[in-house]
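S.K.: Letter by letter, the chains look like this.
Protein chains: 4
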Amino acid sequence: MNKIKVGIINVTGYAGVELARLLSQHPEVELTSVTGRSTAGKKLGEIFPHLASLDLMIQTELSEVDLAFSAMPHQQSAEEVIPLLNRGIKVVDISADFRLKDETEYPHWYNFTHPTPELLKEAVYGLTELYRAQIASARLVANPGCYPTGAILALAPAVKAGLIEPDIIIDSKSGVSGAGRTLKLQSHYSEANEDTTAYALAGHRHLPEIIQELGMLSPGQSPEITFVPHLLPMTRGILTTCYAPLVSGKLPLNEEGEEELKQLYQDFYMGEFFVKVVELPPHTKHTWGSNFCLIHPTIDHRTGRLIVVSCIDNLVKGAAGQAIQNMNLMLDLPETTGLKSPAIYP
Amino acid sequence: MNKIKVGIINVTGYAGVELARLLSQHPEVELTSVTGRSTAGKKLGEIFPHLASLDLMIQTELSEVDLAFSAMPHQQSAEEVIPLLNRGIKVVDISADFRLKDETEYPHWYNFTHPTPELLKEAVYGLTELYRAQIASARLVANPGCYPTGAILALAPAVKAGLIEPDIIIDSKSGVSGAGRTLKLQSHYSEANEDTTAYALAGHRHLPEIIQELGMLSPGQSPEITFVPHLLPMTRGILTTCYAPLVSGKLPLNEEGEEELKQLYQDFYMGEFFVKVVELPPHTKHTWGSNFCLIHPTIDHRTGRLIVVSCIDNLVKGAAGQAIQNMNLMLDLPETTGLKSPAIYP
Amino acid sequence: MNKIKVGIINVTGYAGVELARLLSQHPEVELTSVTGRSTAGKKLGEIFPHLASLDLMIQTELSEVDLAFSAMPHQQSAEEVIPLLNRGIKVVDISADFRLKDETEYPHWYNFTHPTPELLKEAVYGLTELYRAQIASARLVANPGCYPTGAILALAPAVKAGLIEPDIIIDSKSGVSGAGRTLKLQSHYSEANEDTTAYALAGHRHLPEIIQELGMLSPGQSPEITFVPHLLPMTRGILTTCYAPLVSGKLPLNEEGEEELKQLYQDFYMGEFFVKVVELPPHTKHTWGSNFCLIHPTIDHRTGRLIVVSCIDNLVKGAAGQAIQNMNLMLDLPETTGLKSPAIYP
Amino acid sequence: MNKIKVGIINVTGYAGVELARLLSQHPEVELTSVTGRSTAGKKLGEIFPHLASLDLMIQTELSEVDLAFSAMPHQQSAEEVIPLLNRGIKVVDISADFRLKDETEYPHWYNFTHPTPELLKEAVYGLTELYRAQIASARLVANPGCYPTGAILALAPAVKAGLIEPDIIIDSKSGVSGAGRTLKLQSHYSEANEDTTAYALAGHRHLPEIIQELGMLSPGQSPEITFVPHLLPMTRGILTTCYAPLVSGKLPLNEEGEEELKQLYQDFYMGEFFVKVVELPPHTKHTWGSNFCLIHPTIDHRTGRLIVVSCIDNLVKGAAGQAIQNMNLMLDLPETTGLKSPAIYP
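Protein chains in written order, with numbering that gives the first Met the number 0: chain A, 0 to 345; chain B, 0 to 345; chain C, 0 to 345; chain D, 0 to 345.
Treat the hints as calculated values from the structure; they're not laboratory data.
In this text, all values refer to a predicted model and were calculated from it rather than measured experimentally.
Any given hint might turn out to be false.
[What the hints assert, rightly or not] Pairs of lysine-lysine, DSSO-like flavour, derived with a Cα cap of 30 Å: (1) A/LYS4 with C/LYS261; (2) B/LYS4 with D/LYS275; (3) A/LYS4 with A/LYS339; (4) B/LYS159 with B/LYS249; (5) D/LYS2 with B/LYS275; (6) D/LYS42 with B/LYS275; (7) D/LYS339 with B/LYS42; (8) B/LYS339 with D/LYS4; (9) A/LYS41 with C/LYS261; (10) D/LYS183 with C/LYS261; (11) A/LYS183 with D/LYS41; (12) C/LYS120 with B/LYS41; (13) B/LYS42 with D/LYS261; (14) D/LYS42 with A/LYS183; (15) A/LYS183 with B/LYS275; (16) C/LYS339 with A/LYS339; (17) A/LYS339 with C/LYS183; (18) A/LYS339 with C/LYS42; (19) B/LYS261 with D/LYS183; (20) B/LYS339 with D/LYS261; (21) D/LYS275 with A/LYS183; (22) D/LYS275 with B/LYS42; (23) B/LYS339 with D/LYS41; (24) C/LYS4 with A/LYS339; (25) D/LYS89 with B/LYS339; (26) D/LYS275 with B/LYS339; (27) D/LYS339 with B/LYS339; (28) B/LYS120 with B/LYS159; (29) B/LYS120 with A/LYS261; (30) A/LYS339 with C/LYS159; (31) D/LYS275 with B/LYS275; (32) D/LYS261 with B/LYS275; (33) C/LYS183 with B/LYS183; (34) B/LYS261 with A/LYS183; (35) C/LYS339 with A/LYS2; (36) A/LYS41 with D/LYS183.
Using the sequences provided together with the hints, build the complete structure.
M.R.: So this is what it looks like as structure tokens:
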């Protein structure tokens, strides 16, 4: 049986190498081509010894494949992706280049003019649980950012149900791998170890994505979102804590209300393999290395606020894993293929 | 010259041992007596090799001292402290036993009936920057909790100035030492490492303390506070991120407003040695091992919300350091004596 | 198709839970029964949320299975294992209870008299690469200790080839999970974080195992081994650095000698899926979560000493993974079944 | 009273910034001038917020001082230091440029020809405990490397006493700050975290320094030293484990021999404030942030080998602290001035 051929553009970042790891275990597709910039001409196993068995040479150009993942930085990704689409290759783009529907957001948030605004309309936002049908028939999927994945999954049921006022605080805590493999002082071990900090207080690039998607879920309302990301001394994981006032009278502010809330979340995610509504506050470690998202909704009885905590592995459900989940749909494979591994604990 | 004699009740917890470290460098007082429970009869240096030079035996009962620190757990601390006060010894209590003014809070939050409600009125809440004068003349100081220290210092200027609506979210991130030296699964290395989680979503014991103190600063208003603590994979440090709606019209939602805000904070903390209003989001590592609190107030232009981030070392400004700051005042010593060391970095 | 039924005794330690994780992904066997002590009666997913999908109740007694893993502490493990053998159940014992051939070692190193010395002869030492054939036909396999796995694999080719004098230094560095899930001060986060120490300088329990096995490889010689384990602030991984004088004249002390040495190691491990002889000093992270062992042999030109560095994940190749590798052989399944996942990086 | 003026060349590396921290607390000297390369013109507190109170501008050239520390990289340090000496300024050089007595070692190990070989004879090797008198009258002190400090202090008593054969294995484990503040992949958080590795197996630059100094202690013998450094996932600390065969008959291989050994070490270090011979295997954490070196010598009874474990904070006793210890001597101040702080724990 011939496996479906897939490739990775820019395999040497953390999203790229995680894609390679997950694809190496996928039973239905074969990773046949990977590209890199400074590392072209080297064996993949030279750079990443744990992938030595893949026996792939890093190339400058992608070979013929059925589907490609782009793990390029923004702006450059669009430049790589457009020709691939023209060659008839399906693409899952892990960059931000096709996530925002409004082209005017790109100059503001990403400092470039989008080269193909028409593709923004065509591209499907790849939060699988929300756009499953459209993803299945898409030729271009914009894989969500790591923070938006955790935040939107945490808030979608409440927003959709009109349970909360549009005054939302999203306080996210991320491991350092989210800052990428490019060397920078904030990711230097002795600086990041035994430290935590808030950053991007003036507005993080993932904010417009969160606003766009939560807005879609509550037409007519424009959510007022404050989003503050934090850097934590760990490699993987994002924990997102969301706060919003409950619409008065929607839920009793007691354990019964909590039960109703939990039921509403469970109904929303019924049948989802990768999203689990959990009884206790989840730990990022419970998702380590896996494609799962754990969500714990609760009520602050004293203040009538909704609190939702979600956990993901930023490199899996927040990047490479969700990209493969989307690929499975695009290739008409069962959505969970190659992604069922539980977290590694401890 | 004879140094003033001080003692520590329950030196073997992390607050106790940090007190011993800081006192060992103090030029005006001498640590002459320390007590412990299971370790009584051992040399302090056997349990804590870094303090071997102190040459103290761990006792069951405190010897005669001029001032005592209690680092006992709540409820037991009151039992130890009351006889000391009766003997005429000044006390800084690091437990929660004298922090809350309303005795009815103790059964609810701490599960015991307070033995001496009259002392709750007398005790001074030891957030030095807010109660300096009262501390100087107190015989009993209730040293604040680690979370309240970071949260109250972050919010006091805004609350006092009537800048924010009383809808406050406090999202705190703490290192594991805050959970103490007592063995528990959540502090087991392989569980806590490379992990983060939210906890006490139904209400943390430090909440009433925060409500009490922020309420004092805005008489007539009852702040609606949601407080969620998080555990981070690091030993020391608390970063607190606070969110609240600005009262409409008080500040322009732009850089000018940010400048005004910063100025208001700087005025509030003018002359304070240990509290610094900083230009950039602070790092917990910038306070590591020191008694400093760094505060960064800013405005979310889009939503009109105040965001304030503060950092402390939970064992120093959040416990032992602030206790010594209070001791200095109670003993009529310069407030910063023995506490001026900068953070250790990296 | 009916899967083969397997069980785990004491699933709640780190070796046990890692067995459950790996078995949950195994295509040919089904984990049908797990036991625990204090946790009996709870669902496995209550204790370990990442395994919630297994839907197993923790029992006090093992149900009927074809093969059982014992992850009990030493002495208690023998008590559990012996009745199982009598019931005709094959056993892989992860404890030390059947590793040592000489029963007189047990009182000395483990402080108990072995209940069934005759089984010590029958039990096969489960270092798969050395005892593959015997394991395949065994009913009782004594899974090696984590340190011995790394040390013996590092030294076996050199010892077997008579390349080194019997003066061996083994300096091992282990992550904290090796100390188990039982609470103890040395594994308390704030103590173990940002710390390293040597321990068991008077003799670690894994030493007799290393002496026994290296002695088997060089009959007539009695290796003089110094073994010092160290605890490192990380969860998983053992890095072992071995030093021994080369027998004079066996290898030129230059790059040519290094090439010969590498070739000798590659020949020794030819065809092995899980043992890789690598060109550069390996990182424990390159084995994280996987069953691989990476070995880097080299020569100190100046002193004529062999240096060999090996890396494993202590919970996988050092415990649960190797146990399943052995199970595969005992059940006549391909040795690598369910174990091929590469390391998770970063 | 006028304080003595001192300066730091290249304050922005980790040794430089640690010097600045320690000097900021020194009662007898004042840090009046610091230089940097890319950061010249900025305030020190901009780069290192914990030092904001120092109120120093980073310069390109050192102002007039009585003594200067050079924290420049090797080769460049000599270029900076020589003119200072000519200006009559005393220098403690933290680089390797004046550590080796034999100029022919520089091209081999450091890849440059030494510009002033005559200064190699004059420079005093700044391991304070071994060269106290010479340091006191020196105008140029070559501060030891971090690894040599731990290794030489661990072995000096045994070597000096002729206790061991000259076959020495030194296995060192260092925190990541030892690799400096310059960005590199091996110090990138996600790479270094939860990882350990051996490096420089072909010969580390600190080896000739160790050979030179241990050779000085045992004239007539040329020690055969294998030195392998390892990188550990922590910021600070070096633990060094040393192994060597005891000269036959020198010590009984039992507890009595251990007592004799300990006594010999205690006698050697009698009166030393910063070196402590300890009863139990020391932890790097017991030296965190302090200038102490803890040493634990013991005997492997089975093999007749000496094992010595030592711990230091690589940035303090291994760099900045020892440099100030030397400065104190050179300025005729009590050796421990400004350096007595105990470790910070936990």
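S.K.: Given the proposed pairing of D/LYS42 with A/LYS183, does the C-alpha separation stay at or below 30 Å?
M.R.: Judged against 30 Å, a Cα distance of about 21 Å means the pair holds.
S.K.: CA of D/LYS89 to CA of B/LYS339, is that 30 Å or under?
M.R.: holds (29 Å)
S.K.: So if I understand the rule, the pair passes when the alpha-carbon distance is 30 Å or less; does A/LYS41 with D/LYS183 pass?
M.R.: The given pair, whose Cα atoms are some 20 Å apart, holds under the 30 Å limit.
S.K.: Does C/LYS42 lie within 30 Å of A/LYS339 when you go C-alpha to C-alpha?
M.R.: Within the cut-off at roughly 20 Å; holds.
S.K.: Going straight from one Cα to the other, do B/LYS4 and D/LYS275 come out at no more than 30 Å?
M.R.: holds (28 Å)
S.K.: Taking only the CA atoms, is the gap from D/LYS275 to B/LYS339 under or equal to 30 Å?
M.R.: holds (27 Å)
S.K.: Hinted pair, alpha-carbon criterion (30 Å max): B/LYS339, D/LYS41. Please report holds or violated.
M.R.: holds (24 Å)
S.K.: Taking 30 Å as the top limit, are the C-alpha atoms of D/LYS339 and B/LYS339 close enough?
M.R.: holds (15 Å)
S.K.: Between A/LYS339 and C/LYS183, is the straight-line Cα distance small enough, at 30 Å or below?
M.R.: Violated - the C-alpha atoms of C/LYS183 and A/LYS339 are around 34 Å apart, more than 30 Å.
S.K.: Hey, D/LYS42 versus B/LYS275, does the alpha-carbon distance stay inside 30 Å?
M.R.: holds (17 Å)
S.K.: Just to be careful, I want the Cα atoms of A/LYS183 and B/LYS275 compared with a cutoff of 30 Å; is the pair within it?
M.R.: Cα-Cα ~27 Å, so holds.
S.K.: Within a Cα-Cα threshold of 30 Å, do A/LYS41 and C/LYS261 meet the stated pairing?
M.R.: It holds: about 22 Å lies between the C-alpha atoms, which stays within 30 Å.
Taken one by one, the earlier hints fail for this structure at numbers 1, 12, 17, 19, 20, 21, 29, 30, 31, 32, listed in ascending order.
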